[in-house]
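Novice: Here's the letter readout for the chains.
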Amino acid sequence: MRDRAVGWLGLGLVVFLAGGWWLPNWAQSLVILALGKGMVVLGLLLLMRCGLVSFGQGLYYCLGAYAAVAVGKIFRLPDSLLTSDALLMPLFGGVVAGVIAFILGFLLANYRSIFFAMLSLAFSMILYGLLIKMSVLGSSDGFNIAYSTAAGVVLRPGTHLYALYAVAAIIVFVAMLALNGYLRSHRGRLGPAIRDNELRVEYMGASVRRIVHLNYVIAAVLAGIGGGLVALSIGHIDPDLAYWTTSGEFVFVAILSGTANVAAPFAGSLLFEWIKSVAYQYTPYTWQMVLGIAMLLVIMFLPAGLWSLLGRRGRGA
Amino acid sequence: MNSNRARAASILSITASVLAIALAAATAPAVAQDKPIKIGVVTFLSGAAAGPFGVPARNGAEVVAETLNAGKSPSPYAAVGFGGTPIEIAFVDEAGGTTKQVNEYRNLVQRDNADMVIGYISSGDCLAIAPLAEELKRLTVFFDCGTPRIFEDASYKYLFRTGATATMDNTAAALYVTEMKPALKKVAGINQNYAWGQDSWNDFEAAMKVLKPGVDIVTSQMPKLLAGQYGAEISTLLTSGADVVHSSFWGGDAEALILQGAPRGLFKKSTVVMTAGEPTLVRLGTQVPEGTVIGARGPFDMFAPDTELNKWFRKAYEDRYSVAPSYPAYKMAQAILGVKAAYEKAQAANAGKRPSQEQIIAAFENLSFEAPGGKVDMALGKGHQAVQGSAYGVTKNVGGKVIVVNIKRFAASRITPPDGVKSDEWIKSGFKTAK
Amino acid sequence: MAAILQTEGLTKRFGAVTAADDINVSIEPDTVVGLIGGNGAGKTTFINMVTGYLKPDAGTIRYAGSVITQLIPRSVTQLGICRSFQIPQLFDSLTVRDNLLAALGVVVLGGKHWASGATLASERVEAAADETLARFGLDDYRDILSGVLPEGIRKLLDIAMAMVVRPRILLLDEPTSGVSADEKFVIMDTVMAAVRANRVTILFVEHDMDIVRRYTERILAFYEGRIIADDTPDTVLDDDEVRKYVTGTTHARVTSGAGSDAAH
Amino acid sequence: MTDLVSVLIDGVIYSSYLFIIAVGLTLIYGVMKILNMAHGSLYALGAYVAATLVGAWFNAGLNPYGSLALLGLAALLVGVVAGPIIERGLLRFMYGRDEVVLILVTYSVFLILEDVIKLVWGVESYSAYQPYGLLGNFDVGDLPYTVYDALLVIVAVLVGVALTFVLTRTRQGKLLLAVIHDREVSAAMGINVERVYLVTFTIGTMLAALGGALIAPKVSVVPAMGVEVIVLAFAVEVIGGLGSLPGAALGAIIVGLVRSAAVHYLPEVELFSIYLVMALVLIVRPKGLFSAVEARKI
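Chains as they are written, first to last, in my numbering: chain A, 40 to 356; chain B, 30 to 464; chain C, 4 to 267; chain D, 36 to 333.
Accuracy of the hints is not assured; some may be wrong.
Said to hold, decoys possible - Distance condition first, Cα-Cα at most 30 Å in a straight line; then the derived DSS-like pairs of lysine-lysine:
#1 B:LYS430 - D:LYS153
#2 B:LYS457 - A:LYS112
#3 A:LYS112 - B:LYS166
#4 D:LYS322 - D:LYS209
#5 B:LYS451 - A:LYS112
#6 A:LYS112 - B:LYS238
#7 B:LYS186 - A:LYS112
#8 A:LYS172 - B:LYS344
#9 A:LYS172 - B:LYS253
#10 B:LYS215 - A:LYS112
#11 B:LYS166 - B:LYS411
#12 D:LYS153 - B:LYS344
#13 B:LYS67 - D:LYS153
#14 D:LYS322 - C:LYS58
#15 D:LYS322 - B:LYS253
#16 B:LYS253 - D:LYS153
#17 A:LYS172 - B:LYS425
#18 B:LYS374 - A:LYS172
#19 B:LYS67 - B:LYS451
#20 B:LYS374 - B:LYS186
#21 B:LYS238 - A:LYS172
#22 B:LYS425 - B:LYS210
#23 B:LYS214 - A:LYS172
Claimed, not checked - Here are the simulated distance ranges between beta carbons:
#24 D:PRO119 - A:SER152: 26 to 32 Å
#25 A:LEU120 - B:SER104: 41 to 47 Å
#26 D:ASP133 - B:SER385: 55 to 61 Å
#27 D:ASN172 - B:ASP245: 52 to 58 Å
#28 B:GLU117 - D:ASP133: 44 to 50 Å
#29 A:LEU146 - C:THR14: 31 to 37 Å
#30 D:ALA197 - C:ALA19: 33 to 39 Å
#31 D:ASP133 - A:ILE142: 41 to 47 Å
#32 C:ALA19 - D:ASN172: 54 to 60 Å
#33 D:GLY124 - B:ALA107: 55 to 61 Å
#34 C:ARG127 - D:LEU311: 36 to 42 Å
#35 B:PRO211 - D:LEU311: 41 to 47 Å
#36 D:GLU229 - C:PRO153: 29 to 35 Å
Said to hold, decoys possible - Here are some chain D residues pointing at chain A (derived, C-beta under 10 Å):
#37 LEU108
#38 LEU111
#39 LEU112
#40 VAL115
In case anyone wonders, no lab produced these hints; they're calculated from the structure.
Ideal Cβ placement from N, Cα and C applies to all residues, glycine included.
Given only the sequences and the hints, what does the whole structure look like? Please build it.
Specialist: Written out as structure tokens, the structure reads:
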């Protein structure tokens with residue numbers, strides 16, 4: 040059955056890479072953006088399965104975006120693959136995010152419901168404040184970032200965007216497989232169990248705290264990688280990546296997508312980005328209202344997220 | 030089992046969205062030769078910056094485009110539209126952050142095929158758009174954003190900025206207050222805690238230290254953007270006993286600072302310099318205390334020269350919107366007229382035929398052109414960055430109306446660094462007039 | 004023979020109320036002990052203290068000789084002391100089978116580190132789940148969300164989940180409360196059958212004296228946090244104090260209860 | 036010395052502002068368990084209405100002191116109009132949904148209201164400055180303060196006292212507490228929970244609008260003025276302990292004093308002082324300063 044999963048996702052990857060080739064640039068970058076944000080939402084899905092909602096994933100999204108170049112700038116490192124490779128930069132971002140999450144996790148793993156949400160929000164806003172203060176990182180204006188290689192391969196002019204598109208697609212493919220496996224593992228199964236009844240989980244001899252901590256770190260790594268991808272597709276990063284409204288948007292997309300399936304976040308995120316760009320285009324003066332109404336409609340008529348459109352109550356959703 | 034169906038469905042749905050986007054792309058309109066010149070204009074249409082900057086700029090663009098297309102503008106801009114071809118403007122909201130702006134820019138250029146893009150008030154957006162303009166090879170003109178980093182850190186082919194950098198706002202402000210109060214000893218600042226506020230204060234502080242060695246910087250307040258309430262800040266400024274208070278506040282924050290500072294005598298106790306204060310005069314009128322030093326980020330509005338061009342623009346704007354144009358409107362007009370000048374120069378060089386983008390760019394570099402605010406020289410950044418004089422004055426209430434008196438003008442060379450020199454280094458090295 | 008569970012001077016107060024007052028008991032392996040007493044007599048408090056949910060104000064708890072007084076529920080469980088709950092503690096949004104899979108998964112993960120010696124190979128999990136389903140007669144419910152199960156089935160599942168960890172001591176908190184009279188014996192028979200398969204010491208709280216009489220070898224009678232009687236069922240249930248404070252029955256009613264046993 | 040005094044005064048003034056905006060949020064959360072993201076927009080709505088009314092009042096050249104009453108009227112208007120519309124028209128269909136979903140519902144309301152405000156008032160700034168200077172100044176040491184700010188403090192105290200009185204002394208208040216304690220039980224006891232919710236949300240909206248209306252004379256009323264307020268109010272709320280009235284008061288005082296101290300002594304940290312406080316408080320008291328005790332689970 041695991042093999043069938045690989046098969047399906049593999050097919051999707053091929054369709055994606057092929058489809059991307061004849062997409063116009065603006066659409067490619069839209070898709071990269073959606074995939075990057077989808078990674079963050081995938082992490083939220085993991086947390087939501089444990090009944091936790093973070094209003095501070097912007098923290099790791101932003102860390103992931105800044106990590107590579109910031110390290111370069113702060114320590115005045117010479118340009119290297121680390122600060123110019125389309126694959127390495129996001130992965131490094133993921134690592135940094137993971138490390139920070141591992142530390143904060145010892146604290147946050149004790150929190151639930153709204154307090155978990157608000158404490159994570161507080162941390163992301165503190166990062167926001169720190170970045171605004173750091174003129175070496177361009178304060179609120181942030182700075183531009185670029186990439187010249189992908190997995191070490193030097194990119195010919197004009198191929199950059201598609202290379203990034205491919206990198207994003209492959210990262211997402213791997214992430215979906217890994218998470219799909221994790222959710223079906225013994226540890227992964229305990230997520231919904233914790234959401235339903237922590238007391239029983241403890242009485243089964245498992246540590247709720249440790250599992251929450253683990254999921255929190257995984258979510259952060261995903262968010263970090265996603266942030267790295269978005270940063271590269273935008274070519275510019277600034278502290279807004281850590282602002283609470285950014286995190287709020289991720290939560291919305293997560294609800295929109297539903298927690299049924301590891302592909303849901305990416306479908307949801309693609310749809311969301313598309314709705315947004317259409318809203319900007321056709322209702323430049325009232326796009327917020329359009330988003331708000333869309334959001335309400337989803338919440339009212341698709342309680343289990345977009346997935347309920349596909350006709351079934353997903354497992355553990 | 031059914032989770033496989035789910036996966037299949039998910040792949041389909043993702044593929045579907047990709048196709049949908051591709052479809053939207055395919056159906057994007059193609060541009061023909063004889064079509065009007067399509068200009069994407071990006072300013073804040075929503076959010077806090079819309080009222081003070083975005084909307085005046087938008088209106089400025091609209092009124093200029095209309096009068097140009099009607100051929101009702103004075104020389105040297107009498108020709109209809111650009112060199113006889115009417116211009117068509119597509120407005121885009123600058124609100125929503127750089128991530129959104131970068132994609133909006135791609136959409137403008139690649140999906141909607143704008144011939145050129147004029148806009149951007151936020152320095153962050155400008156920094157983000159700059160490399161993209163090069164990548165997409167589309168003529169792009171920044172009209173307002175202030176950070177000097179753009180042309181000081183890199184050089185561009187497709188990118189121009191017709192507005193001077195924020196450096197001159199603060200060097201000019203420093204010059205003005207030192208001439209106004211030769212005896213000043215204590216200086217304080219209150220600026221918004223983000224790049225604009227931080228840079229403005231750093232430039233002003235550095236300039237003051239050059240002009241008045243040993244000046245005492247008593248406090249630098251940095252409330253966060255849109256904080257709205259400055260009770261504690263005002264108390265510290267009052268207790269600091271500063272002779273001069275520098276502020277680059279804009280929009281609602283500037284108005285709030287005046288509304289809360291005036292009743293508590295801040296503006297009596299110290300001379301307050303508001304480098305971007307001009308739009309608040311339009312909003313608050315006589316609420317702005319007398320004796321406040323006001324700037325307009327260039328020779329605009331009350332600082333504008335008494336030329337045909339200025340009269341024409343003011344009248345057209347006031348007739349259309351029944352308010353006076355504030356500086357963002359002027360700067361937008363300046364940008365559009367600059368491109369028009371370049372376009373028509375290129376057209377002339379091209380035997381009257383529609384010039385190519387490359388020809389327009391060639392004509393634009395190092396161009397000098399007239400605007401409602403006076404003469405503009407594309408002198409910096411290898412001919413891509415404008416320099417312009419500036420002016421400051423003090424508010425005075427006359428017959429229930431606020432006017433600006435004691436206006437002093439500063440030549441561009443006095444307040445902006447020569448080409449190739451970074452602003453902060455130039456100031457610290459004593460900003461000697463480049464000769 | 005050596006006691007597997009032992010408490011000395013176990014005491015717990017909630018404000019003015021004394022829920023456990025100097026409790027000293029010693030349980031031998033492989034016995035089935037009934038805990039009886041009115042509401043608030045301290046039965047559940049006793050279980051909560053033994054399983055680490057509550058920390059006693061005074062006294063010690065020994066498991067196979069070693070002190071476990073300060074351990075948290077997780078550690079207690081890993082030692083092999085498991086419990087079921089008065090109100091079944093299930094994963095309501097999961098199917099019955101997934102409830103068991105979750106519990107079994109923990110055994111796989113905890114595995115060799117556990118003092119209880121309970122281990123399970125990952126590939127055996129699915130099979131183990133199905134065996135448990137069969138053993139507790141839950142086959143018909145395997146794919147039903149546990150949130151919508153009838154109370155009796157919830158009780159069974161609750162106990163089944165405590166069992167998959169292969170406990171050496173099993174504490175059942177009112178396994179048959181809220182269950183219709185004729186279901187009670189079905190549940191108890193199933194549990195006992197399942198339990199006897201792998202020798203487990205059982206303590207269970209029960210209000211139905213017929214059940215107690217039928218399944219226990221020994222009874223602890225609680226009253227106001229104290230143990231007022233501790234002996235074989237017949238002795239305890241005939242004890243005057245017990246009849247006064249706990250069962251509140253006449254001898255006749257008890258035997259009639261015994262009669263109804265015979266009816267089964 | 037005067038420095039310390041002004042830290043206190045500035046802090047208290049800011050605290051009372053925080054309290055007024057946070058108390059409505061507290062009430063709504065306490066009763067309805069909804070963290071109302073739209074609170075900021077309702078605050079903005081109050082400010083816009085107040086600015087409009089005051090503007091009209093002075094254009095009509097009526098007695099300036101009347102404008103103070105208008106501020107209250109603005110809050111009342113927004114409360115009785117927007118409150119019921121949102122509660123009856125939207126929220127009541129959502130009761131029983133997950134807390135997070137409810138947050139998102141109110142988040143969408145926030146997005147929609149932001150544009151509604153833009154459509155009604157445009158993006159230009161409004162100001163109702165007249166009342167602020169109206170009452171003159173008073174000096175503390177050599178520092179002038181406006182009487183209006185003192186009034187703000189008084190109003191905050193009154194609001195706090197009034198709410199405490201209503202909740203603890205009146206029958207309606209006791210019913211409210213009953214609902215807070217247990218919705219099902221109180222419904223069973225024959226309390227009309229629907230009506231309690233409607234009233235609560237209306238009052239909460241009124242308080243949000245009151246905050247906006249009272250602040251309108253001090254600031255220029257601009258789009259997005261509500262966005263900052265949301266997080267501010269949330270922080271106060273969380274620090275104090277969700278749904279706790281004394282908590283909101285204490286939270287407001289702490290945040291207010293910390294901020295003004297930061298401004299006076301180290302302006303550098305002002306930007307995120309509030310989030311530091313929030314993080315620290317939550318680290319020490321995971322459920323805020325005044326947190327409700329939970330009943331035994333098994």
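Novice: Honestly, which of those hints from before does the structure not fit?
Specialist: When the structure is compared with the hints, numbers 8, 10, 17, 18, 19, 25, 27, 31, 34, 37, 38, 39, 40 turn out to be violated.
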